[in-house]
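*Asks:* The listed protein sequences derive, respectively, from chains A and B.
Each residue of the first sequence is one higher than the one before, counting from 1 in my numbering.
Each residue of the second sequence is one higher than the one before, counting from 182 in my numbering.
Worth flagging that the hints you see were computed from the coordinates, not collected in a lab.
Hints should not be assumed to be uniformly reliable.
Distance condition first, Cα-Cα at most 20 Å in a straight line; then the derived SDA-like pairs of lysine to any residue [unchecked claim]:
hint, chain 1, residue 1, chain 2, residue 2
1, B, Lys395, A, Asp31
2, A, Lys155, B, Val242
3, B, Lys395, A, Lys105
4, B, Lys395, A, Ala69
5, A, Lys156, B, Arg244
6, A, Lys155, B, Gln246
7, B, Lys395, A, Arg28
8, A, Lys54, B, Arg423
9, A, Lys155, B, Ala248
10, B, Lys395, A, Ile39
11, A, Lys54, B, Gly237
12, A, Lys156, B, Asp247
13, B, Lys395, A, Lys156
14, A, Lys129, B, Asn382
15, A, Lys105, B, Ile259
16, A, Lys43, B, Lys395
17, A, Lys52, B, Glu216
18, A, Lys43, B, Arg384
19, B, Lys424, A, Arg71
20, B, Lys395, A, Gln42
21, A, Lys43, B, Val270
22, A, Lys52, B, Gln246
Listed here are the chains, written in short residue letters.
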Amino acid sequence: MDEFEDLVDHYYQALYRFGFSLAKNPDRAADLVQQTFVIWAQKGHQLKDRSKAKTWLFTTLYREHLGNARRSHRHPETEITEAEHELPHEEEDSGRKLDAQQAVKLLSELDETFRAPLTLFYLQRHSYKEIAEVLDVPIGTVMSRISRGKDQLRKKMTSETVSAPTRIVDFKPETIQRNNG
Amino acid sequence: MLRHALLILNLKRFNETMDKERAKFVFQSYRPDGEDVNEPAFAEALELAARDRELGEWLAVERAQDAAFAAMLADVEIPEDLRDAIFGVLEGAQDQPAEFDADFVGALASVRAPEGLRDQILGAMEVEQSLVEMPPRYKRGFFKAAVWTTSAAAVIAIMVAVGAFFAGAGGNALEGTTPKEVAYSAIAMLESPFFSLDLQNDRQAALYEWLDGKGLPTPAQLPEGLLDVKGVGCKLLEIGERKHRGSLVCYKRNDKVVHLVMMDRAVINVDDINGLDTACQKCRYCDKNDKWSVTRWADAEHTFFLLSKMDPSELAKVF
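Based on the sequences and whatever the hints tell you, model everything.
*Replies:* Written out as structure tokens, the structure is:
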């Protein structure tokens with residue numbers, strides 16, 4: 001159980017974040033993480049090279065997600081905007097939490113092709129070589145997807161900033177001069 | 182997109198000098214926390230950035246943006262009970278011996294309540310008649326089920342018993358499928374323009390692992406001609422109106438694709454299918470579609486069908 005505990009403590013949070021960005025839903029993300037560890041409990045002993053456990057876990061979660069997505073193909077996925085009530089509750093002074101939600105929302109709006117490599121990249125736990133292994137794509141493809149994903153992400157961030165509601169103040173220099181004078 | 186393709190091609194070119202565009206592309210894949218600093222390509226790009234002021238400034242902005250986004254993502258709230266939930270699931274799993282687990286999880290994964298099951302059970306209960314003897318096909322499943330101690334397992338046992346009852350009584354409510362139905366269904370599916378694989382991977386082991394994870398049949402023994410060939414992909418099959426679950430694994434052999442369909446032996450309504458050593462002589466054109474050759478064999482657990490768009494004589498060379 002010690003090995004399990006170590007493994008869970010090391011990776012469950014990063015796995016959850018990865019799962020959340022893929023599934024776009026906290027419950028499904030939690031299910032993906034649990035399912036991943038259940039599969040580890042059944043098959044983890046088959047992994048000879050224990051240093052590969054991290055890649056194994058992320059690969060398994062990704063495959064589970066793909067499997068779920070295929071199974072639910074007939075049922076349209078809930079968009080993140082429709083599932084906002086399911087996101088962690090925002091508190092009054094939770095500027096950072098809001099940022100986190102924004103980050104997940106922005107990621108979730110990306111094409112699936114870019115979302116997975118970019119999330120793994122930003123989780124900072126994986127080199128591009130490991131990402132290639134997890135997603136089972138060539139290294140060059142990962143580099144290209146990260147690069148293009150970042151382009152998309154930044155465009156979205158820019159457009160969100162531009163479209164964010166701003167307070168409009170009627171500004172006329174002569175009015176200020178008159179008031180100050 | 183073209184620019185990226187060209188950059189990847191450029192990256193592959195031997196002895197290519199690092200230029201600004203290439204350096205930017207390389208920098209974009211390195212983690213904002215600098216963990217990749219010892220990677221040769223990164224070190225080379227860094228060297229250029231140290232000499233090129235504009236590139237250096239671009240890198241500073243890039244890494245600041247990456248770090249900011251990574252920090253935002255790191256703040257995603259983790260459900261408080263997630264860790265406990267994981268251990269709860271694991272403890273539940275570890276209460277049982279590993280072998281039991283595999284059987285149980287596999288069995289549950291493959292259990293699908295047939296339509297009208299409730300009515301069938303109620304109907305069966307009304308018949309005041311005990312089972313004298315179950316056909317051998319169901320005995321194995323029944324005794325396996327009998328050692329299960331959970332209520333879920335009991336439900337499975339009831340289903341198996343009900344199946345045995347109907348089979349014994351000559352009914353057809355839970356009957357299996359025939360080799361012909363399997364072959365026809367598989368060929369129809371493979372020829373469908375909408376056909377797709379659930380998993381594409383050229384490593385056979387990866388395909389078997391995926392199927393195993395779904396509680397689906399995998400081969401214990403393969404024809405010699407498939408042992409060292411590359412895989413193409415695999416798929417969960419649902420055959421016939423009863424949607425009997427099986428596996429499909431596709432292999433690439435001499436530029437042709439060979440398809441292996443695997444079903445639980447218990448769902449095939451024919452008992453005279455012989456072992457792998459006889460399959461070579463049984464290669465023949467499918468009687469419904471002569472573009473395809475088929476053959477079949479069985480082991481204790483599963484029945485296998487090998488199909489390919491080739492002559493029977495060519496298919497026989499797989500063995």
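*Asks:* It remains to establish, for every hint, whether it holds in the given structure.
*Replies:* To see whether the hints hold, each was checked on the structure:
{"no.": "1", "hint": "B/Lys395 with A/Asp31", "in the structure": "holds, 16 Å"}
{"no.": "2", "hint": "A/Lys155 with B/Val242", "in the structure": "holds, 15 Å"}
{"no.": "3", "hint": "B/Lys395 with A/Lys105", "in the structure": "violated, 31 Å"}
{"no.": "4", "hint": "B/Lys395 with A/Ala69", "in the structure": "holds, 15 Å"}
{"no.": "5", "hint": "A/Lys156 with B/Arg244", "in the structure": "holds, 18 Å"}
{"no.": "6", "hint": "A/Lys155 with B/Gln246", "in the structure": "holds, 13 Å"}
{"no.": "7", "hint": "B/Lys395 with A/Arg28", "in the structure": "holds, 18 Å"}
{"no.": "8", "hint": "A/Lys54 with B/Arg423", "in the structure": "violated, 40 Å"}
{"no.": "9", "hint": "A/Lys155 with B/Ala248", "in the structure": "holds, 17 Å"}
{"no.": "10", "hint": "B/Lys395 with A/Ile39", "in the structure": "holds, 10 Å"}
{"no.": "11", "hint": "A/Lys54 with B/Gly237", "in the structure": "violated, 33 Å"}
{"no.": "12", "hint": "A/Lys156 with B/Asp247", "in the structure": "holds, 15 Å"}
{"no.": "13", "hint": "B/Lys395 with A/Lys156", "in the structure": "violated, 38 Å"}
{"no.": "14", "hint": "A/Lys129 with B/Asn382", "in the structure": "holds, 18 Å"}
{"no.": "15", "hint": "A/Lys105 with B/Ile259", "in the structure": "holds, 16 Å"}
{"no.": "16", "hint": "A/Lys43 with B/Lys395", "in the structure": "holds, 12 Å"}
{"no.": "17", "hint": "A/Lys52 with B/Glu216", "in the structure": "holds, 18 Å"}
{"no.": "18", "hint": "A/Lys43 with B/Arg384", "in the structure": "holds, 18 Å"}
{"no.": "19", "hint": "B/Lys424 with A/Arg71", "in the structure": "holds, 15 Å"}
{"no.": "20", "hint": "B/Lys395 with A/Gln42", "in the structure": "holds, 12 Å"}
{"no.": "21", "hint": "A/Lys43 with B/Val270", "in the structure": "holds, 15 Å"}
{"no.": "22", "hint": "A/Lys52 with B/Gln246", "in the structure": "violated, 30 Å"}
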